[in-house]
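Based on these hints, arrange chain B on the given structure of chain A.
Protein chains in written order, with our numbering: chain A, 1 to 315; chain B, 1001 to 1325.
From the derived model, a few chain A residues whose C-beta atoms are all more than 12 Å from chain B: (1) 5; (2) 19; (3) 54; (4) 68; (5) 100; (6) 112; (7) 119; (8) 134; (9) 313.
Cβ pair distances, simulated, as ranges: (10) A:50 - B:1151: 22 to 28 Å; (11) A:53 - B:1295: 51 to 57 Å; (12) B:1019 - A:116: 32 to 38 Å; (13) A:93 - B:1026: 27 to 33 Å; (14) A:188 - B:1295: 24 to 30 Å; (15) B:1241 - A:195: 40 to 46 Å; (16) A:10 - B:1024: 55 to 61 Å; (17) A:195 - B:1019: 48 to 54 Å; (18) A:124 - B:1241: 46 to 52 Å.
Simulated from the structure, these hints should not be mistaken for laboratory data.
We treat Cβ as the ideally placed atom computed from N, Cα and C, and that holds for glycine.
Letter by letter, the chains look like this.
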Amino acid sequence: MGFQEDEHVHGLIDNLCFAVTEGSVLGVVGESGCGKSMAALSVMRLLPSAAVVQGGEILFNGANLLAKTEAEMEKIRGRDIAMVFQEPMTSLNPVHTVGRQIGEVFRIHRSAMGAEERRAATVALLGEVGIANPEQRCDQYSHQLSGGMRQRVMIAMAVACGPQLLLADEPTTALDGTIQAQVLALMQELKQQTQGSIMLITHNLGVVAETCNDVVIMYAGRVVESGTIGHIFDQPGHPYTRGLLASIPSLAGNAGELFSIPGTVPSAESFEPGCRFAPRCQLRREYCSREVPPMTEIAPGHAVACWVTGSGRQP
Amino acid sequence: MSALLEIRGLKKYFGLKRHLFQRRTRFVHALDGIDLDLMEGETLGVVGESGSGKSTLGRTIVRLEEPSAGSIRYLGRDVSALRGADAQAFRARIQMVFQDPYASLNPRLSVGHALAEPMLVHRKVAGRRAARQAVGALLGQVGLRPEMASSYPFAFSGGQRQRIGIARALALEPKILICDEAVSALDVSVQSQILNLFNQLKKALGLTYLFITHDLSVVRYVSDRVMVMYLGQVVELAPRDAFFARRLHPYTRALISAAPLVSTAPREARIILQGEIPNAIDPPSGCRFHTRCPNVMDACRRVEPQLREIEAGHHVRCHLYAAGQ
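Excised from the complex, chain A in its bound form:
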């Protein structure tokens, strides 16, 4: 996938490849500009108009979402795949009550429901996501709710039809610490109830360690490492993953100076050939910038894209 600018397409996401297993939580981790949000929007087929999908497929229950028509996607969105966005302030409509906005999901996907039934279902849903006085809140507007409550409304809307896959893009980043803990606990609870899968997109490795089963680490539009949380946090294989983990100050205290990866995250216009992390990498070899390193397994279910720490033969 890339972005069109005048005549030229800047490639961003390159050969992205991962799977969400049924009933589990996949964490997609990366820094700003690595393409993690674009990956989620591709699944929803909600990419901005300048984005161009250049190839590949997204299989949902075996069917390629990229080949679906817009009408078919409209049936899937909200019913089978739903999304929770980062900014609950900007993703709710300020001129409609929250009850009406949640009810809209039922109006579209459960058209057999009558108005009263719809309202009852909405109130029940608000109660389920932990909103006190759901009956009252249902008739309020988004500006009357706090940030945490708005995010709960967004989650209610997303889980209204019991989707098989929930995409959550930085769902707790805008929230305070104690409220983040509440919302993460709620998502876990709902997942247990519905047996659905979650793809959690975040830059916060702490959130990943506590809520996910599997992790994909992205850097500059490519997956650089994938595995279970045990693999990623206890035996990280890619130099980028190792650097990331070492640069987070610990709540238990740090001795001496904090590690930091030199340089900054490249933008899509300035990607280097070969390994895109090479310019910042401590293990860099001369051949790293010659060819793109493929994902190779270093343990069952644990793969890295690195010429040095991976198991592939050097170019």
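Frame of chain A; chain B shown alone:
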């Protein structure tokens, strides 16, 4: 160590617009009686959630806001009494680094211009040539190249922009830097670079920091002392290691417990607080935390606890630690 800044009974109320038939103006109690000594050479970490008043505290100290009551003394002199040249000199001593390096730089000014302006206004440098040299030195100090002075903010990454924000704060050779969520908007790999830069500058220039953040692991890394705020009040203030080891206030315990750990090791059971931070217009009676406190007692609803020193340097505002217990 002596106190560089002495804050006593500091209050900041924001008046709300009155309705036509409303008798009295209602106030947001952003700061309600803050007593604090900022010691020379220390880093004081200020933690709190939104609405705790931590940003208002920083803004009131640099006098972006006028206090409603209380006093701020810098090296023993009341800063609200300063006028003219004295007031200007005081402003140069305390500078601020903001959260959003995108919003706090003027997109139409080259970086060199943005850095030279405060020095020219405060007559730190005489003339353009001296300013250019000083700008080059400043950029070098924060890890940028002097020739970057001719570029505009859009040409820089987030981390570089925050370095420019720091360079601008350093331009007037301040004693105190107030960093308001200064690393919160940065990517993890860049955040650690900036944190290390803050530590290096502190050593090289003998700075004192008031480091405002919501991130407890960042606080643990940079601070000498930690202060927790809740609804405009200080609820706990202690030396860093004692703070993290003892966690006396129930709110502190919940706050630390809510922080996700970057580890797969089993963790202690999480304390999940019920409800949200109450409105600062009508703060709860008695202890302001009683509506969410897992250890709430009868007295907490009626009597407001005072900030008391429980152990050497460890202050807590909680009835659990009332005298004699």
